[in-house]
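Asker: So the sequence lines, in the order shown, correspond to chains U and V.
Every letter in the first sequence is one number past the one before it in the numbering used here, and letter 121, counting from 1, is 125.
Every letter in the second sequence is one number past the one before it in the numbering used here, and letter 84, counting from 1, is 87.
It is possible that part of the hints are untrue.
Pairwise CB distance ranges, derived in the manner of DEER restraints [claimed, not checked]:
#: 1; chain 1: U; residue 1: 129; chain 2: V; residue 2: 132; range: 54 to 62 Å
#: 2; chain 1: V; residue 1: 81; chain 2: U; residue 2: 52; range: 38 to 46 Å
#: 3; chain 1: U; residue 1: 103; chain 2: V; residue 2: 71; range: 37 to 45 Å
#: 4; chain 1: U; residue 1: 115; chain 2: V; residue 2: 92; range: 19 to 27 Å
#: 5; chain 1: V; residue 1: 92; chain 2: U; residue 2: 100; range: 25 to 33 Å
#: 6; chain 1: V; residue 1: 64; chain 2: U; residue 2: 94; range: 32 to 40 Å
#: 7; chain 1: U; residue 1: 50; chain 2: V; residue 2: 68; range: 20 to 28 Å
#: 8; chain 1: U; residue 1: 115; chain 2: V; residue 2: 59; range: 27 to 35 Å
#: 9; chain 1: U; residue 1: 120; chain 2: V; residue 2: 108; range: 43 to 51 Å
#: 10; chain 1: U; residue 1: 116; chain 2: V; residue 2: 113; range: 21 to 29 Å
#: 11; chain 1: V; residue 1: 114; chain 2: U; residue 2: 114; range: 19 to 27 Å
#: 12; chain 1: V; residue 1: 32; chain 2: U; residue 2: 100; range: 29 to 37 Å
In the DSS-like style, the derived pairs of lysine-lysine whose C-alpha atoms are separated by at most 30 Å in a straight line are [as the list claims (entries may be wrong)]:
#: 13; chain 1: V; residue 1: 116; chain 2: U; residue 2: 131
#: 14; chain 1: V; residue 1: 110; chain 2: V; residue 2: 35
#: 15; chain 1: V; residue 1: 126; chain 2: V; residue 2: 58
#: 16; chain 1: V; residue 1: 35; chain 2: V; residue 2: 126
#: 17; chain 1: V; residue 1: 126; chain 2: V; residue 2: 41
#: 18; chain 1: V; residue 1: 58; chain 2: V; residue 2: 116
#: 19; chain 1: V; residue 1: 110; chain 2: V; residue 2: 41
#: 20; chain 1: V; residue 1: 110; chain 2: U; residue 2: 109
#: 21; chain 1: V; residue 1: 41; chain 2: U; residue 2: 109
#: 22; chain 1: V; residue 1: 110; chain 2: V; residue 2: 126
#: 23; chain 1: V; residue 1: 41; chain 2: V; residue 2: 58
#: 24; chain 1: V; residue 1: 126; chain 2: U; residue 2: 109
#: 25; chain 1: U; residue 1: 131; chain 2: U; residue 2: 76
#: 26; chain 1: V; residue 1: 131; chain 2: V; residue 2: 41
#: 27; chain 1: V; residue 1: 58; chain 2: V; residue 2: 110
#: 28; chain 1: U; residue 1: 109; chain 2: V; residue 2: 58
#: 29; chain 1: V; residue 1: 131; chain 2: V; residue 2: 116
#: 30; chain 1: U; residue 1: 109; chain 2: V; residue 2: 116
#: 31; chain 1: V; residue 1: 35; chain 2: U; residue 2: 109
#: 32; chain 1: U; residue 1: 147; chain 2: U; residue 2: 131
#: 33; chain 1: V; residue 1: 110; chain 2: V; residue 2: 131
Sample of chain U residues lacking proximity to chain V, with all beta carbon distances greater than 12 Å (derived) [unchecked claim]:
#: 34; residue: 105
#: 35; residue: 114
#: 36; residue: 116
#: 37; residue: 128
#: 38; residue: 129
#: 39; residue: 146
#: 40; residue: 150
What the hints contain is simulated information worked out from the structure, not anything from laboratory work.
Don't be surprised by glycine CBs; every beta carbon is placed ideally from N, CA and C.
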Amino acid sequence: MQLNGAPSNRRNKIMNRLIRYTIPRVSPFRGTAIGNSWSGLESEVDRLLEAALADYPKQATPRFPVDLYEDKDNLYVRAELPGVNREAINLELVEGYLSLNASRKTGEQTFNLARSIVIPETVQSDKVTAALEHGVLTVTLPKQEQAKPRKIAISVN
Amino acid sequence: MSPFNKIVSRLSRPTSQREDGTATLEPEYTVKPVFELKETDDAWGLTVHLPGVAKEGLDLSVEQGLVSIRGERAWEMPADWTQLYRESVAAPFMLELEHDNTVDAEKIRAELKDGILRVSLPKTEEFKPRKIAIE
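For reference, chain U alone in the conformation it holds in the complex:
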């Protein structure tokens, strides 16, 4: 009896899934582009993928995109944090890592967002500034004086 238990459980699971996906979604909106011949296939593949991925747990803390830039004086970190308040952002610079912690409130729900970025060179940690604009955070990290390229004028006699 025990041997039979496992496969029947599995069959039940599959049946549940089949039943779930045969019920049409009650929504007048569909995320399809106009004149898109792929839309039928797309929703079909979505359904298959959702069914296949349903058993995997979702990522605990969602990642957000982070970019790193530099110019001759500064390093810049840009992070996409739409809908996050200034007060809900926490920045820390510890031993070459910039850790970014933020939380987004959507109604009653709160989502925590966290990333840690390796800062490739030493910066003047006391002069780090940050600005938030249109949901994008820009952190400016001034380079150490010795890391800057130096131009020395030599006069030739």
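Using the hints provided, position chain V relative to the given structure of chain U.
Answerer: Showing chain V alone in chain U's frame:
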């Protein structure tokens, strides 16, 4: 975003070839933003994540049966910056949603704040649930 679009977003682009075989301009590469749609008795509430999009770069239009949102990013990398590592995409956001004309186009309200667009799409009177008094 749906899993299919995540994996092969380029497949959902319109075709670039005309029927007679002459190629038109390369279709623009756009990104489908993260969005959420909620329903109440009176309205549909649409929340779209548009990081880096300012009011000036946002275009929201409601045609017959189609709500389309297009957002251009306000920021451009200054010429003297060097890109070391990049995860974000510079392509504009594009979201098109079909609806079955139960939306009252006159009463649509939209608000953009901190990279989040909130659109309220009220239902037309005739589609709202009605309470019928029993005599």
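Asker: If a hint holds in the structure, say so; if it doesn't, say that too.
Answerer: Evaluation of the provided hints:
1. U:129 - V:132: 54 to 62 Å: holds, 59 Å
2. V:81 - U:52: 38 to 46 Å: holds, 45 Å
3. U:103 - V:71: 37 to 45 Å: Given range 37 to 45 Å: holds, Cβ gap about 38 Å.
4. U:115 - V:92: 19 to 27 Å: Given a distance of about 21 Å, which is inside 19 to 27 Å, the answer is holds.
5. V:92 - U:100: 25 to 33 Å: 27 Å Cβ-Cβ, so the 25 to 33 Å window holds.
6. V:64 - U:94: 32 to 40 Å: holds, 38 Å
7. U:50 - V:68: 20 to 28 Å: Because 21 Å falls inside the window, the suggested range holds.
8. U:115 - V:59: 27 to 35 Å: holds, 28 Å
9. U:120 - V:108: 43 to 51 Å: At 46 Å between Cβs, range holds.
10. U:116 - V:113: 21 to 29 Å: At 28 Å between Cβs, range holds.
11. V:114 - U:114: 19 to 27 Å: holds, 21 Å
12. V:32 - U:100: 29 to 37 Å: holds, 35 Å
13. V:116 - U:131: holds, 29 Å
14. V:110 - V:35: holds, 25 Å
15. V:126 - V:58: holds, 25 Å
16. V:35 - V:126: Cα-Cα ~25 Å, so holds.
17. V:126 - V:41: Since the Cα atoms of residue 126 of chain V and residue 41 of chain V sit roughly 13 Å apart, the hinted pair holds (cutoff 30 Å).
18. V:58 - V:116: Holds. Residue 58 of chain V to residue 116 of chain V sits at ~9 Å (cutoff 30 Å).
19. V:110 - V:41: Since the Cα atoms of residue 110 of chain V and residue 41 of chain V sit roughly 17 Å apart, the hinted pair holds (cutoff 30 Å).
20. V:110 - U:109: holds, 27 Å
21. V:41 - U:109: Within the cut-off at roughly 16 Å; holds.
22. V:110 - V:126: Holds, because 9 Å separates the two Cα atoms, which is no more than 30 Å.
23. V:41 - V:58: This hinted pair holds, its Cα atoms lying about 23 Å apart.
24. V:126 - U:109: Distance ~27 Å between residue 126 of chain V and residue 109 of chain U Cα, so the pair holds.
25. U:131 - U:76: Satisfied, since the Cα-Cα distance of roughly 16 Å is no more than 30 Å.
26. V:131 - V:41: holds, 15 Å
27. V:58 - V:110: Holds, at about 19 Å.
28. U:109 - V:58: Holds, because 22 Å separates the two Cα atoms, which is no more than 30 Å.
29. V:131 - V:116: holds, 29 Å
30. U:109 - V:116: holds, 13 Å
31. V:35 - U:109: Holds - the C-alpha atoms of residue 109 of chain U and residue 35 of chain V are around 22 Å apart, at most 30 Å.
32. U:147 - U:131: Distance of about 9 Å is within 30 Å: holds.
33. V:110 - V:131: Distance ~14 Å between residue 110 of chain V and residue 131 of chain V Cα, so the pair holds.
34. 105: Answer for residue 105 of chain U: holds, closest chain V Cβ roughly 17 Å.
35. 114: holds, 15 Å
36. 116: holds, 16 Å
37. 128: holds, 18 Å
38. 129: holds, 19 Å
39. 146: Label holds. Min Cβ-Cβ 14 Å, cutoff 12 Å.
40. 150: holds, 19 Å
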